[in-house]
Amino acid sequence: MPREAAGVRAVKRVIKLTIALVFIGATVVLVSNWWVVYNTRNQIYFDIHELPANDVGLVLGTSKFVRTGKENLFFRYRMEATARLWKEGKVKYLILSGNNDSEYYNEPVDMQRALVKLGIPASVMTLDYAGYRTFDSVVRCKDVFNQEKITIISQNFHNARALYIGNHEGIEAIAFAAQDVPDGYSFRTLIREYLARPYALLDVYLLRPQPEKGNWERKRNS
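Numbered according to full-length UniProt numbering, the sequence shown terminates at residue 222, and the numbering increases by one at each position without gaps.
Hint data in this document are derived by calculation from the structure and do not stem from the laboratory. Note that CB positions come from ideal geometry on N, CA and C, so glycine has one too. Any given hint might turn out to be false.
[Claimed, not checked] Using 30 Å as the maximum straight-line C-alpha spacing, the simulated DSSO-like pairs for lysine-lysine come out as follows:
#1 Lys142 <-> Lys90
#2 Lys92 <-> Lys142
#3 Lys64 <-> Lys213
#4 Lys90 <-> Lys117
#5 Lys87 <-> Lys70
#6 Lys64 <-> Lys16
#7 Lys87 <-> Lys149
#8 Lys70 <-> Lys219
#9 Lys64 <-> Lys117
#10 Lys117 <-> Lys70
#11 Lys142 <-> Lys213
#12 Lys117 <-> Lys87
#13 Lys213 <-> Lys149
#14 Lys64 <-> Lys92
#15 Lys149 <-> Lys92
#16 Lys92 <-> Lys219
#17 Lys64 <-> Lys12
#18 Lys92 <-> Lys213
#19 Lys149 <-> Lys64
#20 Lys64 <-> Lys87
#21 Lys90 <-> Lys12
#22 Lys64 <-> Lys90
#23 Lys87 <-> Lys142
#24 Lys142 <-> Lys219
#25 Lys92 <-> Lys12
#26 Lys219 <-> Lys64
#27 Lys219 <-> Lys117
#28 Lys92 <-> Lys117
#29 Lys142 <-> Lys117
[As the list claims (entries may be wrong)] Ranges between beta-carbon positions, derived for each pair:
#30 Ala53 <-> Leu17: 51 to 57 Å
#31 Ala5 <-> Gln210: 50 to 56 Å
#32 Arg76 <-> Ala10: 51 to 57 Å
#33 Trp34 <-> Leu207: 28 to 34 Å
#34 Tyr104 <-> Ala6: 55 to 61 Å
#35 Leu207 <-> Ala26: 19 to 25 Å
#36 Ala53 <-> Arg76: 20 to 26 Å
#37 Ala6 <-> Phe65: 54 to 60 Å
#38 Asp143 <-> Ala10: 48 to 54 Å
With the sequences and hints as input, model every part of the structure.
Right, here's the structure in full:
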């Protein structure tokens, strides 16, 4: 009996500790999300007519297709918003920042091709091949491409994190919210963003990762 009672007490302690850790973790995630959104709320524009003009737009990359092979609406709407901003004179030049971590995956080139089809000349685009993460894209915009005043272009949920990073890096940034996807389109993406915001705070205040300084394209061998 004493051994059994001790075992029960140990299990209860583990359960209580687990509940406490889950509660603390959930609180950190919720507070981090509120903090990031609250501190960038006045920098995001939804109406193109209210958006101030900037010379440079930073377009944050995403995959052209989803896992099933279908069109990624995040990509489509982001490119359409970018084209509209350029045609309306809200940006003059574009930095297309995305993942090119292998010769078979190239977000910047996919963005460039999509924008050319939408009538944007390739001559106004600069491709950033090392925008592996949002943190990398924003930091490299300043450190590699020497831009300190930009318009970030992505969906609303994504813009807040990018702006927060930019603010911490001393970048004068605003953002335009591309059309959002239908409700329930990508629950996984929204959950990932919810978790990415606390990680962004770790990046800017504690981890301070160093993005690549170079900019080269990984191409397929012809």
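Hints violated by the structure (listed by number, smallest first) = 6, 17, 21, 25 and 33
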